[in-house]
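**Q** Sequence:
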Amino acid sequence: MRIHATLVGAFVVSLIVPVVAWPAAASAPEPGLALPAGADMIRCPKPTRTVGNSGELRKALRSARPGDVIRLRPGTYRGRFVARTSGTPKKPIFLCGTGPAVLDGGGVGKGYGFHLDRASYWRLLGFTVRNSQKGVMADGTRGSVIQGLVVRDIGDEAVHLRAFSSGNTVQYNLVDNTGLRRAEFGEGVYLGSAKSNWGRYSGGRMDRSDRNVVRGNVIRSRAEAVDVKEGTHGGRIIGNHFEGSALVAATADSWVDVKGNGYLIEGNSGIHTPVDGFQTHELVDGWGTGNVFRKNTMNLRGASGVGVNDTVGGNRITCDNKTVGGRLTKNGRCS
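Numbered according to our numbering, the sequence shown spans residues 4 to 338.
Check the hints yourself; a few may be wrong.
To be verified - Straight-line distance between alpha carbons at most 27 Å, and here's what the computed DSS-like set of lysine-lysine pairs gives: (1) Lys333 - Lys298; (2) Lys62 - Lys49; (3) Lys113 - Lys62.
Hints are computed from structural coordinates only; laboratory data are not their basis.
Produce the entire structure from the sequences given, and follow the hints as far as they go.
**A** Below is the structure:
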């Protein structure tokens with residue numbers, strides 16, 4: 004199916020910096036999907052450093068300091084890349100692509116295409132990440148923005164915020180062709196960690212990756228487009244488009260799974276799902292509740308389920324949600 008999406012979000016990133024002439028434009032997306040855009044997108048300041056190959060990029064990442072703006076020249080940067088230095092709220096660190104700048108991880112069997120490793124206040128803008136086990140991984144990241152990326156041809160999930168990564172924004176990205184290694188791990192955007200992984204990634208504690216915003220993205224993935232894990236709280240999933248034609252029904256039966264609390268799921272649209280549009284689940288006692296689903300548009304033609312399958316209870320499903328080809332809820336109720 005051919006989709007052209009231009010999505011304007013309703014939630015404004017807290018830090019907007021002065022703009023200059025050169026934009027952050029990712030390389031061309033795969034045929035059939037279009038890279039989204041929004042009026043409130045961040046643009047890159049004037050670069051303080053420009054790189055043109057993998058070695059220069061690694062050196063720039065190692066030496067990055069608050070306020071730096073690293074510009075990627077068009078080209079392919081082979082390898083896997085990591086940032087370990089933090090910016091500040093007033094001086095974030097920018098990594099910006101121009102034209103077809105591609106980070107190629109060399110294979111979907113291992114590694115992270117780009118890793119924010121305890122590095123906060125970054126702006127990753129306008130390049131492609133492809134051909135790695137995981138696309139963009141953020142561990143212990145705060146106040147960062149992932150915007151205008153094309154993340155495709157990935158072994159597992161495309162973008163993952165975990166290990167107490169909070170207050171971040173994932174916006175106006177195109178995600179396609181995930182789960183090439185294992186389809187059940189091929190989520191588009193993944194928030195937090197499963198309880199079974201808390202010992203590995205959050206010291207045995209609940210992974211409170213809270214208050215993250217997923218906005219205005221276009222996602223076609225083999226597993227859920229957005230997977231909200233137990234223990235996360237207060238995020239927003241707004242204005243995204245979910246194209247579910249690649250979902251593998253044996254392991255993924257909805258666009259969005261919500262196992263966290265206090266999320267706003269608003270203004271999203273979806274097409275093609277084997278069962279439901281949205282689902283809630285209680286994997287940990289007391290979680291998967293207190294969420295609000297409103298103003299979403301769901302095309303359920305060919306699906307066997309409903310628009311919002313609230314298996315937990317205690318969630319609000321408003322009557323301004325719209326469905327085509329199926330019912331909004333199992334009991335027919337909304338508020």
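**Q** Lys113 and Lys62 were given as a pair; does the straight-line alpha-carbon distance stay at or below 27 Å?
**A** Cα-Cα ~22 Å, so holds.
**Q** What's the verdict on Lys333 and Lys298, does the C-alpha distance respect the 27 Å limit or exceed it?
**A** Within the cut-off at roughly 18 Å; holds.
**Q** Hey, Lys62 versus Lys49, does the alpha-carbon distance stay inside 27 Å?
**A** Given that 27 Å is the threshold and the Cα spacing comes to 19 Å, the pair holds.
The structure meets every hint from the earlier list without exception.
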